[in-house]
Amino acid sequence: MNDQRPARLMLLAVLGCFMMLRPVMGIFDWPGLKGALPVLYLYLFTVWAIVIGLTAFLVRFYDQKKNKL
Amino acid sequence: MSIYIVLLGAVAYIGVLFFTAWRVDRYSSEGRKSVVNNPYIYSLSLAVYCTAWTFFGSVGRASTGGLSFLPIYLGPTLTAPLWFTVLRKMIVISKHQRLTSIADFISARYGKSNTVATAVTIIAVLGIIPYISIQLKAVTTGIDIITAHHYSFFTSKAAFYLDASFWVTAAMIVFTVLFGTRKTDPNERHEGLVAAVALESIVKLLAFWVIGIFVLYYLYGAPRDLFEAAWQNADTRALFSLKTAGVSDTTWNVLMLLSGFAIILLPRQFHISVVENIHPRHVNTAMWMLPLYLLLINVFVFPIALAGKMLLPSTVAPDTFVLSLPMSVNADWISLLVFIGGFSAATSMVIVSSTALSIMISNHIIIPVLLKLGRFRSDTHFDGGKALLQLRRFSIVAVMMIAYLYLRSVGQGYDLVSVGLISFTAVAQFAPATFAGMYWKGGTRQGAMAGLTAGFVVWVYTLPLTTLAKAGYISADFVQHGLWGIHWLRPNALFGLEGMDAISNAAFWSLFFNTLLYFGVSLFSRPSALTLAQADLYLNIHRYTAGQEYDVMRRAAKMSDLLRVMNRFLGMARVDELIEKYNQTNAADVHRQTMAEADLINYFETHLSGAIGAASARVVMESISKEEYISLEEVMQVLEQTREVMQYSRALEAKSAELEATTLQLTEANNQLKALDQLKADFITTVTHELRTPVTSIKSLSKIILDYREELSEAKLNEYLTILVSESDRISRLINQVLDIEKIRAEAHSDRPMEPVQLNAIIQSARTGMEQMFRERNIECKYYCTAPNAEVSGHKDRLTQVVINLMSNAYKFCDQENGLITLRLDKYKNYLIFQVKDNGAGIPPDAQELIFGQFTQLQSGEQGKPQGTGLGLFITRQIVQQHQGVISVESRVGEGATFKVRLPIV
Chain A
16 MNDQRPARLM LLAVLGCFMM LRPVMGIFDW PGLKGALPVL YLYLFTVWAI VIGLTAFLVR
76 FYDQKKNKL
Chain B
7 MSIYIVLLGA VAYIGVLFFT AWRVDRYSSE GRKSVVNNPY IYSLSLAVYC TAWTFFGSVG
67 RASTGGLSFL PIYLGPTLTA PLWFTVLRKM IVISKHQRLT SIADFISARY GKSNTVATAV
127 TIIAVLGIIP YISIQLKAVT TGIDIITAHH YSFFTSKAAF YLDASFWVTA AMIVFTVLFG
187 TRKTDPNERH EGLVAAVALE SIVKLLAFWV IGIFVLYYLY GAPRDLFEAA WQNADTRALF
247 SLKTAGVSDT TWNVLMLLSG FAIILLPRQF HISVVENIHP RHVNTAMWML PLYLLLINVF
307 VFPIALAGKM LLPSTVAPDT FVLSLPMSVN ADWISLLVFI GGFSAATSMV IVSSTALSIM
367 ISNHIIIPVL LKLGRFRSDT HFDGGKALLQ LRRFSIVAVM MIAYLYLRSV GQGYDLVSVG
427 LISFTAVAQF APATFAGMYW KGGTRQGAMA GLTAGFVVWV YTLPLTTLAK AGYISADFVQ
487 HGLWGIHWLR PNALFGLEGM DAISNAAFWS LFFNTLLYFG VSLFSRPSAL TLAQADLYLN
547 IHRYTAGQEY DVMRRAAKMS DLLRVMNRFL GMARVDELIE KYNQTNAADV HRQTMAEADL
607 INYFETHLSG AIGAASARVV MESISKEEYI SLEEVMQVLE QTREVMQYSR ALEAKSAELE
667 ATTLQLTEAN NQLKALDQLK ADFITTVTHE LRTPVTSIKS LSKIILDYRE ELSEAKLNEY
727 LTILVSESDR ISRLINQVLD IEKIRAEAHS DRPMEPVQLN AIIQSARTGM EQMFRERNIE
787 CKYYCTAPNA EVSGHKDRLT QVVINLMSNA YKFCDQENGL ITLRLDKYKN YLIFQVKDNG
847 AGIPPDAQEL IFGQFTQLQS GEQGKPQGTG LGLFITRQIV QQHQGVISVE SRVGEGATFK
907 VRLPIV
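Chain order of the listed sequences is A and B. Anchor point for the first sequence: position 39 equals 54 in the numbering used here, and the numbering is continuous, going up by one each time. Anchor point for the second sequence: position 837 equals 843 in the numbering used here, and the numbering is continuous, going up by one each time.
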């Protein structure tokens with residue numbers, strides 16, 4: 016069976032770069048508080064956590080399926 | 007706090023580390039499964055990425071540039087998904103070739119060139135020295151702050167022995183020598199070191215969380231309070247956004263790129279992630295766990311920076327906020343813990359970096375020189391293993407001393423992050439040669455050298471030289487006005503590119519020229535045979551690890567020479583062990599041979615590479631073996647053969663695809679069979695049910711007759727007996743038909759020959775046979791035939807069955823009083839059409855297709871109980887289909903029905 020993980024992970028990297036690099040990340044770059052936290056701080060750490068979660072998910076996803084087969 | 011407590015804490019901490027390393031080493035030398043053979047330990051050890059820069063410097067950077075410290079950790083996070091492909095490939099290549107450093111990795115790709123290895127080593131050493139110097143600085147400053155600036159010792163610039171940073175350096179040298187050069191490992195693996203580094207990662211994260219929570223909850227009550235206070239303060243409010251903090255878009259993106267490279271290309275990262283890796287699978291965990299670690303250690307950086315800026319006087323250096331904050335409220339024990347955290351961040355970096363650099367220096371600079379001098383040729387007593395260790399130690403001392411000198415002369419004037427980024431930019435120069443080398447076959451040694459040199463020159467000019475100028479060691483004129491007064495050669499605005507910070511400017515131009523020359527020169531130079539072979543290996547490593555290897559070098563050496571050299575470098579015991587292994591796998595007896603063959607030489611060279619690097623190993627082997635590199639044409643030939651093998655394997659793949667298709671067909675057939683089986687089961691259920699009804703009535707009637715024979719009237723008895731007869735008839739009819747179906751099905755699969763049959767004759771005889779029945783019910787049966795002699799191909803008995811079935815069907819359903827059945831036989835094109843028309847009640851349109859199914863009987867109020875078994879038409883259709891014919895029905899309710907059978911004429 017073809018391992019789709021490298022391509023999926025690459026897509027994730029591209030998407031992550033899109034979200035975290037200028038200019039897109041600049042959309043959230045303004046001084047202000049959201050809840051109790053600075054807006055940019057909140058944005059970057061949230062996207063960061065999402066990328067980590069997705070990486071873990073994508074890397075393991077296939078393993079589990081394989082074990083089942 | 008007293009300096010003695012601090013020193014005691016540091017020494018105790020180092021003691022714990024040593025104990026851990028020693029235990030782990032002993033544990034695995036006892037032959038048990040290695041403790042560090044664990045994806046989580048691997049991921050933690052990779053966090054050696056977080057140094058004093060992270061621990062102290064990030065807060066410093068955040069206090070002036072807001073969140074601009076973050077790209078250093080976001081870059082690795084964003085490239086982490088690619089490690090699955092890239093890093094794992096690097097690991098597999100390195101394990102296969104026994105590569106032990108980034109210099110080894112790059113030089114092996116370009117024909118195991120010693121020039122490339124030396125160039126990479128020089129860039130790495132010069133590049134990392136500023137980085138090591140900031141660790142020394144951080145530890146020294148840390149002690150100074152925690153002892154409340156009590157000792158002038160820490161600010162002294164007089165003699166080196168009065169300078170605390172010198173003693174810090176000396177201590178670091180001792181740690182590194184003890185951790186990194188206790189023994190030579192054939193694969194440069196230091197399990198104890200890895201375990202210690204992983205432990206340090208836990209300590210520094212814990213320490214940072216303690217100070218983070220201390221600041222947020224002790225100094226300010228809650229995060230909300232801190233951020234709102236910062237929001238009210240004009241100074242700190244500017245840090246909330248990068249724009250107001252004055253960080254440009256380019257800086258952000260460039261830092262992201264540099265750190266994405268650094269996480270793999272930094273010598274210490276390469277050492278931990280590739281050389282010390284035990285299984286490529288561990289990368290899968292590190293891909294998310296290291297980014298998670300980076301996230302956790304950075305959560306509190308920004309709040310601490312804000313707090314430091316608001317609470318501490320402006321004279322306090324931002325790089326020391328982490329320590330100054332607890333000190334300012336006399337939280338001594340927290341300060342000590344924070345110091346230990348920073349200390350662990352610095353020591354892990356220094357130990358791993360200098361170990362990695364010492365491997366590179368001794369393998370790629372010192373050994374080649376010694377080889378040239380012929381030191382290994384003479385028959386003097388020389389213990390390779392011991393000498394290697396000495397070389398390593400010497401290299402470590404050299405690197406650390408240069409770092410110390412850099413700190414003393416230049417580093418004091420800069421903050422930690424600025425100096426660290428100089429190192430990142432240097433290391434990024436490896437990127438084109440490394441990554442293009444893994445995925446592009448065209449890269450040549452000349453291209454790699456050109457790229458590395460260009461990048462290095464631009465880097466030296468734009469970064470280290472300007473720091474030296476700023477420190478006053480060289481004239482600062484060129485920084486202001488450009489070299490030789492040429493305006494566009496100003497290092498911070500090279501080629502007139504203004505508006506970028508120094509790092510972005512340097513990174514942009516150095517990587518630009520590096521990449522351009524790498525590809526440009528590669529395209530205009532011819533790769534050597536060995537480069538071509540190595541390129542093939544790097545690109546298609548998975549083919550090689552599957553066991554398929556081909557000789558690149560045809561060479562032979564005297565066995566005595568070979569063994570002498572191997573004993574020198576690897577030691578007798580190890581060589582014997584290797585020979586034993588070789589004998590076993592190749593069914594050979596090495597000691598009996600006088601000449602060593604290419605196979606054995608390659609085998610030893612690979613293992614020697616593990617000890618002294620690929621390039622040096624090649625030189626050593628060259629010195630004892632008569633070798634002729636096979637020509638480019640021959641390599642091409644070998645590669646051609648490989649291609650053929652690949653084609654063959656592709657053919658095999660096609661075959662296996664075919665097999666897969668067949669399997670699919672089989673599965674389908676199986677499914678069909680299953681469906682048929684289900685059908686059969688249904689059929690049997692229905693048949694049984696159909697049988698049970700008449701049997702039940704026969705049984706109950708017989709019982710009545712048996713029990714009440716006397717009482718029953720003659721008429722009643724007759725009636726019952728008639729029913730018994732008709733029900734028995736029904737059973738036997740049903741059984742016959744079921745048997746028929748089975749027979750027909752069997753026939754469909756047998757090859758009983760078809761024969762020409764005159765349909766007309768069959769109809770005639772059937773009509774004669776049924777005449778009596780028709781007459782009894784006063785039914786008129788007409789027959790028109792326009793094709794008396796036409797023949798169809800088929801089985802006569804089966805076709806008779808069709809005719810009789812249709813006629814008896816018409817008989818059953820035609821009008822009760824004036825029954826009329828019309829038969830027709832006509833020729834139409836190449837077909838014979840046989841029609842049976844009755845004048846009964848007709849068939850409702852929605853039932854017209856159903857009646858050909860199994861056990862479908864039309865219920866109609868007038869006719870009451872259905873008369874057939876429900877199998878007649880089903881059988882008829884089966885037979886017709888078997889004869890390539892079609893059967894259909896046309897009918898309107900109240901106007902009778904016409905069954906048409908169309909059969910092909912012979």
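It should be emphasised that the hints constitute simulated quantities derived from the structure, not laboratory data. Certain hints may be false.
[Said to hold, decoys possible] Computed Cβ-Cβ distance ranges for the label pairs, DEER-style:
#1 L14(B) with L57(A): 56 to 66 Å
#2 I408(B) with M25(A): 35 to 45 Å
#3 P38(A) with N608(B): 49 to 59 Å
#4 L529(B) with M25(A): 20 to 30 Å
#5 P38(A) with W446(B): 50 to 60 Å
#6 P38(A) with S35(B): 37 to 47 Å
[Claimed, not checked] Covered stretches of chain A, as calculated for chain B (at least 3 residues, CB under 8 Å):
#7 20–28
#8 32–43
#9 51–63
#10 66–75
[Said to hold, decoys possible] Here are a few chain B residues that sit away from chain A, every Cβ distance over 12 Å (derived from the structure):
#11 T91
#12 N589
#13 T692
#14 S894
Cβ atoms here follow ideal geometry from the backbone N, Cα and C, with glycine treated the same way.
Here is what the structure says about each hint:
1. L14(B) with L57(A): 56 to 66 Å: violated, 42 Å
2. I408(B) with M25(A): 35 to 45 Å: For I408(B) and M25(A) the Cβ distance comes to about 40 Å; the hint holds.
3. P38(A) with N608(B): 49 to 59 Å: holds, 52 Å
4. L529(B) with M25(A): 20 to 30 Å: holds, 26 Å
5. P38(A) with W446(B): 50 to 60 Å: violated, 30 Å
6. P38(A) with S35(B): 37 to 47 Å: violated, 55 Å
7. 20–28: That given contact holds, which follows from 6 residues of the segment 20–28 of chain A lying within Cβ reach (below 8 Å) of chain B.
8. 32–43: Per the Cβ count (7), the hint holds.
9. 51–63: Since three or more residues must qualify, the claim that chain B covers the segment 51–63 of chain A holds, with 9 doing so at under 8 Å.
10. 66–75: It holds: at least three residues are needed, and the segment 66–75 of chain A offers 8 whose Cβ sits within less than 8 Å of chain B.
11. T91: violated, 5 Å
12. N589: Fine: 38 Å to the nearest Cβ keeps N589(B) off the interface.
13. T692: holds, 40 Å
14. S894: holds, 49 Å
Violation of the numbered hints given earlier is confined to hints 1, 5, 6, 11; the remaining hints are satisfied by the structure.
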